[in-house]
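Chemist: The chain contents come next:
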Amino acid sequence: MADGDDVVDILAGLTLFADLSRPQLEAVAHTFDEEFFSQGQRVIRQGFAGNGFFVILDGEASVLVDGQEAASLSRGDFFGEVSLLLGEPPIADIVATRPLRCLVLAGSELEEFLVQSPRVMYRMVQAQARRLRSAMQWRS
Amino acid sequence: MAELAPDGERPFPPGDYPVVIVGSGPGALQVSASLRRLGVQHAVISADDRPGGMFRRFPLFQRLITWTKPFAPAERGSRAYEWYDWNSLLGHDPPVRALVAGFMDGTSYFPSRPEMERGLAAFADTARVAVRYGCRWEGTRREDGGLALATSDGEYRCRIAVFAVGMTEPWKPSNIPGIEDVPQYVDTRDARTYANRRVFVIGKRNSGFEVADGLLPWARQVVLASPRPAKISVLTHSTAAARARYLQPYEDHVLGGGTLVLDAAIERVERTADGFRIRAGGTTRPGTFSFEVDDCIAATGFGTPLGDLEKLGVKTFYQGRLPAQTPYWESVTAPGVYFAGSITQGSVGLKKYGMASSSAAVHGFRYNGVVLAEHIASTHFGVELAGRPIDPDTAVDFLLEEATKAPELWNQQSYLARQLVRSGDGAILDSGIVPLQHFVDEAGPDGMAVAVETDDTGDIHPAVYLRRGGRTDEHLLSGDPLLDFRRGDHRAQLASLLKEWMA
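Protein chains in written order, with this note's numbering: chain A, 1 to 140; chain B, 1 to 503.
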């Protein structure tokens with residue numbers, strides 16, 4: 001449980017949760033757990049089962065595919081959902097590059113959370129569309 | 001170094017010690033007993049007047065939620081019995097083992113609080129854990145590369161400090177107007193004083209359900225509320241959720257018996273002439289609620305009484321309630337500052353499938369304490385922990401026996417692991433129990449670690465981690481309906497992995 005005004009206020013400012021009411025934000029803050037990762041610590045491990053869905057509250061992280069940096073992440077970004085949605089182990093490490101504070105939801109709870117929060121799901125699809133567009137532009 | 005005081009006097013007078021442990025609850029007692037066995041000199045100081053820590057006061061309604069089975073499939077006092085006895089501390093010699101069962105009167109397999117307290121006192125006595133009681137830790141500072149602890153008795157200087165002060169500080173959220181007037185869980189009165197009163201409980205974790213359960217025979221109505229739906233242990237496969245033995249209020253709710261269990265965010269609490277008015281907004285079902293009640297109780301949990309450690313540089317998280325820790329329970333930002341007991345839940349581990357470790361409870365953190373003592377002894381004081389040679393022909397049997405029966409792996413699933421390493425001459429060495437996160441994330445010699453894991457379907461199975469050339473891979477073995485992993489398919493799977501590792 002990551003209760004407290006601090007977390008709810010941060011969530012209220014994140015695009016992913018921009019459409020939620022205050023009680024709904026409180027529910028998110030209580031449904032997700034808060035975790036802290038020190039610089040250099042792995043958050044998600046490539047090839048390991050049983051990961052969660054993470055939302056960054058503070059700090060920065062790197063996406064490493066076979067040890068090579070593929071992207072960087074910061075406040076408001078989320079990760080872990082691709083492997084959960086596909087039911088496959090993650091194809092990248094996520095490593096904290098600065099002290100990292102995240103909210104995390106157990107993988108088994110993601111589907112129910114998204115189905116019950118369609119506006120969050122819509123915002124997530126939007127973000128994925130942006131990532132896809134960026135990837136396409138990078139390839140072209 | 002300061003010396004032990006003669007008999008009859010308080011031990012550990014202020015002075016210089018290699019290690020100082022603060023606390024006299026189960027976390028402190030376990031680390032002290034383990035350090036003593038490893039020959040590491042240390043002092044133990046506590047503000048309390050006797051051992052027991054939080055069990056001297058909690059749980060309020062007097063019976064624990066962690067079981068001890070006096071009669072179990074494994075012989076009492078054996079290592080395997082620890083899986084059936086979640087409350088005794090770990091001793092090496094038989095007289096120090098499995099002590100709690102001996103104090104239980106047979107009315108429940110959940111010990112009462114006094115039974116638990118007697119079990120801890122017996123451990124301190126039998127294991128000869130000396131504590132300087134009535135000595136309050138008051139401040140901390142750096143000095144000459146070590147630490148200086150100011151106490152009510154004087155100053156203690158040490159290289160290593162272990163804080164085992166429990167998550168014992170009552171905590172309430174700061175974002176609910178009026179909650180400052182609401183009594184916290186620890187201030188709950190005798191149940192009889194709630195007779196025929198309407199009681200609103202903020203919180204739907206174990207302490208919330210404990211209060212509701214205790215008030216069912218007395219209160220006119222109990223309402224429990226918090227923003228998210230209640231998590232129930234039998235559904236989430238985790239002891240971190242509300243335990244089955246407190247679920248009578250939940251059954252009362254689903255059968256329409258009068259108790260209400262609501263998913264609602266508390267927006268405001270107001271004092272009225274006769275009690276409290278609570279306004280809340282529905283979360284899983286939108287709507288607004290307003291309750292006029294006689295009593296309100298904030299069962300909102302606890303924080304760690306860290307004193308001035310944040311000023312010393314100790315990083316915290318979870319609203320400042322827990323210090324962030326390495327896999328070996330050292331502050332991530334303040335070297336030499338370690339934690340023991342329930343605070344070790346701040347070292348989260350891999351948390352696979354969303355399963356929290358059992359570090360919040362004795363059956364989890366007692367193993368953390370043993371591993372921590374070994375880590376301190378070997379890392380800071382040069383104590384050599386020689387690995388035990390394993391015949392390659394017996395390694396499969398050994399590891400599957402561990403996966404089936406090792407209490408460390410069962411009590412701390414996906415968190416602690418049995419580790420094998422290769423020595424310089426290629427021999428296999430059993431190097432004991434280690435934090436799984438350390439094994440998979442830190443550089444080290446080629447090795448194999450075996451853990452027990454429960455996945456999100458509830459399947460319990462062994463997991464094998466192979467570290468070769470600095471990279472670690474995960475291999476999940478099959479589950480078994482009888483939880484016996486010594487069968488043919490497990491043997492074949494593990495033998496194949498061992499062969500791969502040895503190649």
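Mixed in with the good hints, there may be bad ones.
List of simulated lysine to any residue pairs, SDA-like, C-alpha gap at most 20 angstroms [to be verified]:
1) B:Lys69 x B:Ala80
2) B:Lys351 x A:Val82
3) B:Lys351 x B:Thr457
4) B:Lys351 x A:Arg22
5) B:Lys69 x B:Ala244
6) B:Lys351 x A:Ser72
7) B:Lys351 x A:Phe78
8) B:Lys351 x B:His438
9) B:Lys351 x A:Gln68
Covered, in the sense of this in silico footprint (three residues per stretch, anywhere, with C-beta under 8 angstroms from a C-beta of chain A), are these stretches of chain B [as the list claims (entries may be wrong)]:
10) 220–230
11) 261–272
12) 282–295
13) 317–323
14) 473–482
What the hints contain is simulated information worked out from the structure, not anything from laboratory work. Quick caveat: nothing in here was measured; it's all calculated off a predicted structure. We put the beta carbon where it would ideally sit given N, CA and C, even for glycine.
Chemist: Take a quick look at whether Lys351 of chain B and Val82 of chain A sit within 20 angstroms of each other, Cα to Cα.
Modeler: Given pair Lys351 of chain B, Val82 of chain A holds - Cα atoms ~18 angstroms apart, limit 20 angstroms.
Chemist: Count the residues of the segment 473–482 of chain B with a beta-carbon closer than 8 angstroms to any beta-carbon of chain A: does the count reach three?
Modeler: Per the Cβ count (3), the hint holds.
Chemist: Please check whether the segment 261–272 of chain B has three or more residues whose CB lies within less than 8 angstroms of a CB on chain A.
Modeler: Coverage by chain A holds here, the residue count being 4 at a Cβ distance below 8 angstroms.
Chemist: Counting residues of the segment 220–230 of chain B with a beta carbon closer than 8 angstroms to any beta carbon of chain A, are there 3 or more?
Modeler: holds (count 3)
Chemist: Cut-off 8 angstroms, C-beta pairs, minimum 3 residues; does the coverage of the segment 317–323 of chain B by chain A stand?
Modeler: Holds, because 3 residues of the segment 317–323 of chain B bring their Cβ atoms closer than 8 angstroms to Cβ atoms of chain A.
Chemist: Hint check: Lys351 of chain B vs His438 of chain B, CA-CA at most 20 angstroms. Holds or violated?
Modeler: holds (13 angstroms)
Chemist: Check whether three or more residues of the segment 282–295 of chain B sit with their beta carbon closer than 8 angstroms to a beta carbon of chain A.
Modeler: Holds: 4 residues of the segment 282–295 of chain B have a Cβ under 8 angstroms from chain A.
Chemist: Is the hinted pair Lys69 of chain B and Ala244 of chain B satisfied, with a Cα-Cα distance of at most 20 angstroms?
Modeler: holds (17 angstroms)
Chemist: Has the given pair, Lys351 of chain B with Phe78 of chain A, been kept, meaning a C-alpha gap of at most 20 angstroms?
Modeler: Given that 20 angstroms is the threshold and the Cα spacing comes to 18 angstroms, the pair holds.
Chemist: For the pair supplied as a hint, Lys351 of chain B and Arg22 of chain A, is the alpha-carbon distance within the 20 angstroms limit?
Modeler: violated (29 angstroms)
Chemist: What's the verdict on Lys69 of chain B and Ala80 of chain B, does the C-alpha distance respect the 20 angstroms limit or exceed it?
Modeler: Given that 20 angstroms is the threshold and the Cα spacing comes to 12 angstroms, the pair holds.
Chemist: Is Lys351 of chain B within 20 angstroms of Gln68 of chain A, Cα to Cα?
Modeler: violated (25 angstroms)
Consistency with the previously given hints fails for numbers 4, 6, 9, ordered from lowest to highest.
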